[in-house]
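Residue strings, one per chain:
2 protein chains.
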Amino acid sequence: MAPTAFDAERFRHEARAVVDWIADYWATLESRPVAPQVEPGSVRTALPAAAPERPEPLAAVLADLDRVILPGLVHWQHPAFFGYFPASTSGPSILGELLAAGLGVQGMLWATSPACTELETHCIEWLRHLLGLPERFAVAGAGGGVIQDSASSGALVAIVAARDRAMAMHPGRPLVAYCSVDAHSSIEKGLRIAGIDASRRRRIPVDAAGAMDVAALAAAVEADAAAGLHPFFVAATVGTTASGAIDPVPAIAAVAGRHGAWLHVDAAWAGTAAICPELRPPVVAGADHADSWGFNPHKWMLVNFDCHVLWVANRGPLVRALSMKPDYLRNAATESGAVIDYADWQVPLGRRFRALKLWMTLRMLGAAALRQHVRDHVAWAREFAACVAADPRFELLCEPSLALVCFALRSGDEASAALLGRVNAGGTAFLTHARVAGRYAIRLAIGGAITERRHVMAAWQTLADAAP
Amino acid sequence: MAPTAFDAERFRHEARAVVDWIADYWATLESRPVAPQVEPGSVRTALPAAAPERPEPLAAVLADLDRVILPGLVHWQHPAFFGYFPASTSGPSILGELLAAGLGVQGMLWATSPACTELETHCIEWLRHLLGLPERFAVAGAGGGVIQDSASSGALVAIVAARDRAMAMHPGRPLVAYCSVDAHSSIEKGLRIAGIDASRRRRIPVDAAGAMDVAALAAAVEADAAAGLHPFFVAATVGTTASGAIDPVPAIAAVAGRHGAWLHVDAAWAGTAAICPELRPPVVAGADHADSWGFNPHKWMLVNFDCHVLWVANRGPLVRALSMKPDYLRNAATESGAVIDYADWQVPLGRRFRALKLWMTLRMLGAAALRQHVRDHVAWAREFAACVAADPRFELLCEPSLALVCFALRSGDEASAALLGRVNAGGTAFLTHARVAGRYAIRLAIGGAITERRHVMAAWQTLADAAP
Numbered sequence: 101m102a103p104t105a106f107d108a109e110r111f112r113h114e115a116r117a118v119v120d121w122i123a124d125y126w127a128t129l130e131s132r133p134v135a136p137q138v139e140p141g142s143v144r145t146a147l148p149a150a151a152p153e154r155p156e157p158l159a160a161v162l163a164d165l166d167r168v169i170l171p172g173l174v175h176w177q178h179p180a181f182f183g184y185f186p187a188s189t190s191g192p193s194i195l196g197e198l199l200a201a202g203l204g205v206q207g208m209l210w211a212t213s214p215a216c217t218e219l220e221t222h223c224i225e226w227l228r229h230l231l232g233l234p235e236r237f238a239v240a241g242a243g244g245g246v247i248q249d250s251a252s253s254g255a256l257v258a259i260v261a262a263r264d265r266a267m268a269m270h271p272g273r274p275l276v277a278y279c280s281v282d283a284h285s286s287i288e289k290g291l292r293i294a295g296i297d298a299s300r301r302r303r304i305p306v307d308a309a310g311a312m313d314v315a316a317l318a319a320a321v322e323a324d325a326a327a328g329l330h331p332f333f334v335a336a337t338v339g340t341t342a343s344g345a346i347d348p349v350p351a352i353a354a355v356a357g358r359h360g361a362w363l364h365v366d367a368a369w370a371g372t373a374a375i376c377p378e379l380r381p382p383v384v385a386g387a388d389h390a391d392s393w394g395f396n397p398h399k400w401m402l403v404n405f406d407c408h409v410l411w412v413a414n415r416g417p418l419v420r421a422l423s424m425k426p427d428y429l430r431n432a433a434t435e436s437g438a439v440i441d442y443a444d445w446q447v448p449l450g451r452r453f454r455a456l457k458l459w460m461t462l463r464m465l466g467a468a469a470l471r472q473h474v475r476d477h478v479a480w481a482r483e484f485a486a487c488v489a490a491d492p493r494f495e496l497l498c499e500p501s502l503a504l505v506c507f508a509l510r511s512g513d514e515a516s517a518a519l520l521g522r523v524n525a526g527g528t529a530f531l532t533h534a535r536v537a538g539r540y541a542i543r544l545a546i547g548g549a550i551t552e553r554r555h556v557m558a559a560w561q562t563l564a565d566a567a568p
Numbered sequence: 101m102a103p104t105a106f107d108a109e110r111f112r113h114e115a116r117a118v119v120d121w122i123a124d125y126w127a128t129l130e131s132r133p134v135a136p137q138v139e140p141g142s143v144r145t146a147l148p149a150a151a152p153e154r155p156e157p158l159a160a161v162l163a164d165l166d167r168v169i170l171p172g173l174v175h176w177q178h179p180a181f182f183g184y185f186p187a188s189t190s191g192p193s194i195l196g197e198l199l200a201a202g203l204g205v206q207g208m209l210w211a212t213s214p215a216c217t218e219l220e221t222h223c224i225e226w227l228r229h230l231l232g233l234p235e236r237f238a239v240a241g242a243g244g245g246v247i248q249d250s251a252s253s254g255a256l257v258a259i260v261a262a263r264d265r266a267m268a269m270h271p272g273r274p275l276v277a278y279c280s281v282d283a284h285s286s287i288e289k290g291l292r293i294a295g296i297d298a299s300r301r302r303r304i305p306v307d308a309a310g311a312m313d314v315a316a317l318a319a320a321v322e323a324d325a326a327a328g329l330h331p332f333f334v335a336a337t338v339g340t341t342a343s344g345a346i347d348p349v350p351a352i353a354a355v356a357g358r359h360g361a362w363l364h365v366d367a368a369w370a371g372t373a374a375i376c377p378e379l380r381p382p383v384v385a386g387a388d389h390a391d392s393w394g395f396n397p398h399k400w401m402l403v404n405f406d407c408h409v410l411w412v413a414n415r416g417p418l419v420r421a422l423s424m425k426p427d428y429l430r431n432a433a434t435e436s437g438a439v440i441d442y443a444d445w446q447v448p449l450g451r452r453f454r455a456l457k458l459w460m461t462l463r464m465l466g467a468a469a470l471r472q473h474v475r476d477h478v479a480w481a482r483e484f485a486a487c488v489a490a491d492p493r494f495e496l497l498c499e500p501s502l503a504l505v506c507f508a509l510r511s512g513d514e515a516s517a518a519l520l521g522r523v524n525a526g527g528t529a530f531l532t533h534a535r536v537a538g539r540y541a542i543r544l545a546i547g548g549a550i551t552e553r554r555h556v557m558a559a560w561q562t563l564a565d566a567a568p
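Chains A and B, in that order, are what the protein sequence lines are. The first sequence begins at 101 in the working numbering and counts up by one. The second sequence begins at 101 in the working numbering and counts up by one.
Mixed in with the good hints, there may be bad ones.
Which copy? The list can't say, so a pair holds if one copy fits it or any two copies do.
[Said to hold, decoys possible] With a straight-line Cα cutoff of 25 angstroms, these simulated SDA-like cross-link-like pairs (lysine to any residue) come out:
{"hint": "1", "residue 1": "Lys425", "residue 2": "Val239"}
{"hint": "2", "residue 1": "Lys425", "residue 2": "Asp264"}
{"hint": "3", "residue 1": "Lys425", "residue 2": "Ala127"}
{"hint": "4", "residue 1": "Lys425", "residue 2": "Glu514"}
To be clear, the hints were calculated from the coordinates, so they are not data collected in a lab. It should be emphasised that the depicted structure is a prediction, and the values quoted were computed from it without experimental measurement.
Isolated chain A, as found in the complex (with noise of 0.2 angstroms):
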């Protein structure tokens, strides 16, 4: 008999073979390489080449889970992953990842699933206070927030909305965008599929820190508008990529706002850092005159991947640009103008209940552990980069930035590319690079759900170690 697409019965005792699973990979993360050596290829050459015509049972599929697929993950929930910028998960956010796939509802309208959109406004709502930033975001007014995948697609519809705003205001004009040479390659890659050329995407110079020049960018801006291009958009950072630096938002504001253009803040990892009192006013600096502000709970709040969050002050230019209505998605919920269709926000018309994870991760461990959660890991991230000042061998390339230290060896990129190399085959840490005031960057950022202080300081003694 054919195997039915859902049986209550076997579900249950199917999921609990793999909750078991999951948690004995927790129990035993710690104890794995970090990072796999494997060959291209490899992991397909173990699989068979179709698919089968007859079930098989979960125990063979956790039985490839073991002994194809683990060898072949760099484990980003280990405890010592401090590459890219983590993006870390948590037992309450699981189980929100869970329900929403066991409910199985779209929320692309209000309509399709109102529950869906409610919750989804209320917990941005929530974090919205918990990140202290302004009204000028509240659905109550002429703003509001969504769920997004990414920042990459947050920084798009960003994008998107700018440049349909500013064509009706500008007919005609050629639109300039700007953002650092350290801004994320997203704000590059969303400006590309916007359509707008190679030779309108200004790219401004940073200071040794990776701040962005705010005298370059005023002087770009005020070039362009002399030759008849219109300044449509500018997107600032809080917290690069490469070194975390902080853009002067509150300056770009100034220069954006002389033009009319659209500021955008990508505050994508640092944001979360904006949930503690103390850390939060360079975050959220400059945020009361953003048009758009992203960051991803899923990157150091617990929330596992998808979860961006981008607010806009006008919800309108956004609608406009990505609402499509055909005749399939009228009801009347829509036509009332009292609901909020999310699909209007993205770009997929199709969308998941990914506000339950943020729910359960809020709830479930509530806001004054994820403020000790990123107070940990600043205090951590300072005690880190002064054993890299305490050792004549290394140097720190920039001021530790919250969680973030970029450092070297002082003997030269080469020499810090092959110590970074030594660590990572050696599988007890995973650090990656970047480039920061032209030098290459050894980085450790800390943003684990199971990360200590012990783990961050066998880090330091494991590349103090393999140090030349």
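Following the hints, position chain B against chain A.
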């Protein structure tokens, strides 16, 4: 003491409660009204104004789920959900999503988790064989496939690749895109996002069944080319949202081919039918001339949302359009050219391990059961259509297409709309509407994971009883 972000024993315990909650939900789905009767704002008013400072127990969250959230959901997995196109999940697929959340790895680059990329490539090859799609999409050649969140995002990246290819080949020539008036709204949305002006987006008329009029397409394309414009993109639909119509893809391909336009095939819903050899020919016809071809396992193949698969015949233009490699993403594997970095095939940078749910669904259900699932639905749709045709108050607006039936009351659009409203308010079945051949159509789309023949027959009885 603050709660730990992940405690293995607590997770084991709490996850079992969530699993039981989900199993109970599915076991009681049939007794719930499919769609709620709620007022805008009613969910939000039942929630506290601020996130809690201190952790709350899972039991409190589950109680609120029952009290506040469930009464505000449209139950998309209800066996009597026949609206839009169903987005059906399955036990194995939910487990795949749970595993992806539990592992919490990132597959943006091959190097960031090799097995995440390779399992995706492999499962997509499995699907290519199951659907009988041509070698031109094989990753061993110049093509390949990728999981996107939705058909909207798949169409967008195809449009961007086509646009950039066309601009490189025909610099300065204004670009024009084509799809039928019944193409999904996501095609128009993708063109908007990519900056293709409304004056360069042509909507081609359809025949009485809703399929594109190829003569009209050819005339529009020739006229544009004669006027010095470049026809750069044609979207054909295999299974329109309104009526399930299948555009004549081979003839459309011939028109597109004469002008070097990119041919994108949107088979989001109907694509799954190609797993059944007897249903395959019209679904894959013309695929051997398509530049991109996409379908949604998350609609009718029991893989939960989000899982759209997009194939391209030539990955070069896609990767050139979307690849960004800042310093912090550079790595030896990428530079070797021997690996796929799926971030280069999509809008976002980050990506979770979505291949797991595809893999688990294919393995734990098996291809034979997936085929039976599709065949049952097609057979039931024909039975339902026969009931409609036999009742003198009703008429079919077109022949049923696969598992979709479009029908109306002979007494007119208002009567049909009123009937649909009454049936949906009753809560025992849920259907939606569209416009077919200028008429208000009630649509019955069969696709539920636990839908049985009796649910389809009961929906007919409900309609017949409620009809004037």
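Status of each hint after checking the structure:
Taking the shortest Cα distances, Lys425 and Val239 sit within 25 angstroms of each other inside one copy (22 angstroms), while across copies they are farther apart (36 angstroms). Proximity of Lys425 to Asp264 under the C-alpha cut-off of 25 angstroms is restricted to the intra-copy arrangement: shortest distance 18 angstroms within a copy versus 28 angstroms between copies. For the identical chains of this complex, Lys425 and Ala127 are neighbours neither inside a copy (48 angstroms) nor across copies (35 angstroms), given an alpha-carbon limit of 25 angstroms. In the homo-oligomer, the alpha carbons of Lys425 and Glu514 lie at most 25 angstroms apart only across protomers (20 angstroms), although the nearest pairing inside one protomer, at 56 angstroms, exceeds that limit.
Going down the numbered hints, you'll see the structure goes against just number 3.
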